[in-house]
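Throw the hints in and build the complete structure from the sequences for me.
Line order of the protein sequences matches chains P, Y and Z. According to this note's numbering, the stretch in the first sequence is residues 1 to 509, in order. According to this note's numbering, the stretch in the second sequence is residues 1 to 364, in order. According to this note's numbering, the stretch in the third sequence is residues 1 to 328, in order.
Treat the hints with caution; some may be incorrect.
Derived DSSO-like pairs: lysine-lysine, alpha-carbon spacing no greater than 27 angstroms straight-line [stated by the list, open to error]:
hint: 1; chain 1: P; residue 1: 296; chain 2: Z; residue 2: 311
hint: 2; chain 1: Z; residue 1: 182; chain 2: P; residue 2: 76
hint: 3; chain 1: P; residue 1: 91; chain 2: Z; residue 2: 182
hint: 4; chain 1: Y; residue 1: 64; chain 2: P; residue 2: 368
hint: 5; chain 1: P; residue 1: 114; chain 2: Z; residue 2: 137
hint: 6; chain 1: P; residue 1: 248; chain 2: P; residue 2: 214
hint: 7; chain 1: P; residue 1: 76; chain 2: P; residue 2: 136
hint: 8; chain 1: P; residue 1: 481; chain 2: P; residue 2: 493
Since the hints were derived computationally from the structure, they do not count as laboratory data. Everything numeric in this text was worked out from a predicted model, so none of it was measured.
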Amino acid sequence: MQTKCAIEMKGLTKRFGTVVANDGIDLQINRGEILSLLGENGSGKTTLMNMLSGIYQPDEGQILVDGEPVSIRSPKDAYAYRIGMIHQHYKLVDVFTAAQNIVLGLNDEKLDLKQINSKVQEICKRYGFNIEPSKKVYDMSVSQKQTLEIIKVLYRGADILILDEPTAVLTPQETEKLFVILKNMKADGKAVVIITHKLHEVMAISDKVAVLRKGKYIGTVETSKTNPQMLTEMMVGHAVALNIERPKYRKPFDKLRVEGLTCVDHEGICKLQDVSFTARGGEILGVAGIAGSGQKELLESIAGLYPVKEGSITCIECEDHQVQLVGLAPRQIRDAGVGMAFVPEDRLGMGLVGSMGMTGNMMLRSWKQGRSMFLDKRGPEKLAREIWEKLEVVTPSTEFPVRRMSGGNVQKVLVGREISREPSVLLTAYAVRGLDINTSYAIYNLLTYQKMRGSAVIYIGEDLDVLLELCDRILVLCAGKVSGIVDARKTTKEEVGLMMTSLKEAKND
Amino acid sequence: MTEENIKAPFIRLSKRDGVKPEIAWAIRIGSILIALVIGFAPMMITGNNPFEAYKIIIQGALSKPIYIKQTIKIAIPLLGCALAIAPCFKMRFWNIGAEGQITAGAIAASYFALFWYEKLPSWLLLVVMFIAAAVAGGIWAFIPAFFKAKWNTNETLFTLMMNYIIIGIVSWLQGGPWEGRKGSQIIPMFNQSARLPEIFGIHCGWIIVLVLAVLMHFYMNYTKQGYEIAVIGDSENTARYAGMNVGWIMMRTMFLSGAICGIVGFIMVSGANHTIYNGVANGVGFTSITVAWLSQLNSFAMIAISMILAILGKGSNTLQTKLKVPASVSEIVTGILLFCMLSCEFFINYRIIFRTRKHREVQA
Amino acid sequence: MSTLIALIVAAVTFGTVLMFGTLGEVLTERSGNMNLGVEGIMYMGGAFGLAGAFYYEKLVGPAASSGPIAIIIAILSAFLAGAAASAIYSFLTITLRANQNVTGLALSIFGTGVGQFTGEFMRVSEGGFVALSNNLKGAFSQSIMPSFLRNIPIIGKMLFDHTVFFYIAVALAVGMHFFLFKSKRGMYLRAVGESPSTADAAGINISRYKYLATIIGGGISAIGGMVYITTTAGCVWNHEGLSGVGWLAVALVIFCMWKPLNAIWGSVLFGALMIMYLRLVIKFIPTEIYKILPYVVTVIVLVLSSMRNNKEKQPPASLGLNYFREER
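See below:
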């Protein structure tokens, strides 16, 4: 056992300002093993691994590689210890070819394309990759980029591989392929760490699971001796009964009718294709799908932030007052009397102004009101105080920049503002991403409350269990198309999971 | 394993936030003092006592009312232009074309000063010059903003190029259509009626820029447009989300910024030079960018910083006549001052962590 | 015909100045640093380059001074002055992470100040006049090519009758092209300018590349200032003639799309536009308008490249942005 140990971490601590991201973590990584690093968002998994790859410097503690204490001051040092990390956001130079990216930063290598190619081919054959060395990165698909990242790390002779959320952007088929490759590496005697928060992946691939919670190390268990329930408890810290109250609205009514919606991005790639559905007031409509299946575009096009190529989006205020939303900018939608609220995925980059306090952020929705050229600060200030109190936002004052608040509080400010306007249509994208379980439940309750008020809620989620318990109906997207709408009370996780990929399979056949 | 390998880096950095404002300002003032000490070097190279030299600079800039007036005259365009740049920088639109926008304003004002002075009463002529300058400066700034809004054309480089285009146009006017005596390459002096009246012995440009400073403070902090600018500066997506028309706001803000620069141009030709030549902006557009940045875009800090730079500029002229130190020493000291003040922001925003003994023990 | 040849020769002379300025800035910007201090750097290069040659001649006496040594000393002193100025810029932007635009402008102010100060100081301390002997002047402004090449009709004048600096600049451009696009280090440098976080994760020492590119680039730009003073200005300190040249070099970097080979013909073209009014008078086009053309053309190139959205023809992706590894 001792001989197999590749990396040992002792008491690693990392702080960002006043936030303790990692608090005295002890962890061991072994060769010939796949270790899952499991934890809720914000539990410090990525930070911990970034210290191994030389991106961050630990404030305290020590790292041992093969039993020797080391200091990893830069990614270069990390390579010297044969540690390679595949980041969630790929580190590739867009205007370079695959081969150029692979040899980037290597010291003793000549730029001999033939030699590089043959070495790349050898790696490909060994683990089952497929890549075109002369292809430019900007012409590659997401999974090709990931393959390139992995080859890059292997080319450098890494035998300790860290993959940060590798499956987030992959289709199930691509995930399967990746897992086969990871198993090949394990058989080859490499140490593999995958950072994830998806339990089924943990169970499917790993030999051991290490769990972090709120920056602290909870423990390591062998996968064969555990189960999802137990892991969840370790992750969250208390027994969790995933039980969301789901009352029924007396009589749901049609609120938002989307017909034949097609959207194309600025590079001409089709993001949404012929999407049709109706969202009802008094219902939560869940949207499920693999990341990047068009969820973001769907919500943004409804909110007037994404150009629509074809189709119609009709908001039914009442029988004889229907508003066509296509072609309207966010302001015009509001002026047309549609009470629409939108909690976007990118909170600080889209929903909030990071450098301003709560008051400044409340103004984001009300700044234009009134004829005066001056801002009304009193109303937003009052609203900010209300939300501060009602949602128990932790902040020193209403002027404290939201950027410096924790993720959960940032989301409370955003959701609080959006529902304060008593919307008739509420769009939310990954509303609980990065939040701890308690805050997540608070958000679920707020959404359910809005539903019972009679607003049409659209909820984009990534956790199928939550979708099944929270929503009334679930719309499943696959590669920009609707593969079906199901009753959340009757369907199963397996059915939805299959629908998420159905179109793909149909195309392949 | 070598000693080298187990050492933690000697110096590490980590971002810090929420330094107390008093400490931040103390660091900034400290950096100014350090800059003045480094400024000893050029004085000593020329064989002068640096304390003596600084004394002469201060005396030359402030010891007599007439000196003070001259110093203020230098500060006026710096302040005016810094005020113009503030909203652009707040929006993270890097307008470094103030130089050209000043010149555009100056051309428009000069046109009326040169060809309309007989047709209009003095007060009306000045009002027309003021408006024309603002519009011309605004248009000159609007062009790059338009392309930025439409195609995301790099505004830093675009505004920079616009400077030289308009300055070239002045050179052409100087040697061509507006030339006074043939072959002189000089545009004639303005008629008395096209010159700004004086108040307390200084042309009334100082009142204009002080009023602008107060207005700009309110504009940035209390108006809807100021709010829009701040939101765009933070995140364009958020602005779009809040229903703001980012392109339009960008163009409007740049027009405003250019218009204020244009007004500065009007003040320069009508108040200070009483004519126009190709060096009318004289680097003010560039220096004022540093003024705006170092003031953290705060209108009132800009007054102080532009005064400091003006004192240096005026005092150095005295230094040249008295001690034979080239007047360009003011640019050197200004440069050093800017370097030091730029550096000090680092010490406000980052914490420097030295490798401690304790850390080393843990490692060993 | 002879007008045209004269025009070309004059364009090359002024173009050489621009070529150095541009090549230096290309190298700098390839590392992601936009150094707007070129104007100041070229001033410093001009003043210190002249000072180097002047004091060398003063030291050994006009009779004993040799042209090639004077040229080398001038190049070295200009290079060192520019490198020193860029070192300040690098320290502020790379280590202290100050805003690049503002730091560049500050360097511009500082550099023009230092250049003028040095020029003035020399003039005053040497009793009112600083000029090299005719012997050295000739060395700086004459061609080094053998006479049989220069005497080839037309071509000789056009290709072989230029100062030594022109050939150095061309060699530098070609060398830089091979460095940037064919060598490993050049590729790493481009990676730093495109995506520092990628380069960093690949184990490239970002700071070292940025420092070296910026400092060497600054040194190269500064040589341009020296070339102006020793050729066009006739070995006399002339700050008026030098003003604006640095900005023109910044424009040229855009015009040649950050590619050193384009800088060769680009700077000759810009040089032609800047001196055309002296040689080629067209009645209805005012001479001063010629001088605007380089900037207008640059603006058009800038706009077109942003409209076209071609992935290969763009500024380095991280141009103007500072990098901090632990940024969250």
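Right, here's what the structure says about each hint:
1. Distance check on the hinted pair: residue 296(P) and residue 311(Z) sit about 25 angstroms apart at the alpha-carbon level, within 27 angstroms; holds.
2. At most 27 angstroms may separate the alpha-carbon atoms for a hinted pair to count; residue 182(Z) and residue 76(P) meet this at roughly 23 angstroms.
3. Distance hint between residue 91(P) and residue 182(Z) is fulfilled; the C-alpha atoms sit about 22 angstroms from each other, no more than 27 angstroms.
4. Proposed proximity of residue 64(Y) and residue 368(P) is contradicted: the alpha carbons are some 51 angstroms apart, above 27 angstroms.
5. In summary, the hint linking residue 114(P) to residue 137(Z) is not supported, as the alpha carbons are separated by about 52 angstroms, beyond the 27 angstroms threshold.
6. A C-alpha spacing of about 35 angstroms is found between residue 248(P) and residue 214(P), which places the hinted pair above 27 angstroms, so the restraint is violated.
7. Distance restraint check for residue 76(P) and residue 136(P): the Cα-Cα separation of roughly 24 angstroms lies within the 27 angstroms cut-off, and the hinted pair is therefore satisfied.
8. About 19 angstroms separates the Cα atoms of residue 481(P) and residue 493(P), which keeps this hinted pair within 27 angstroms; it holds.
Violation of the numbered hints given earlier is confined to hints 4, 5, 6; the remaining hints are satisfied by the structure.
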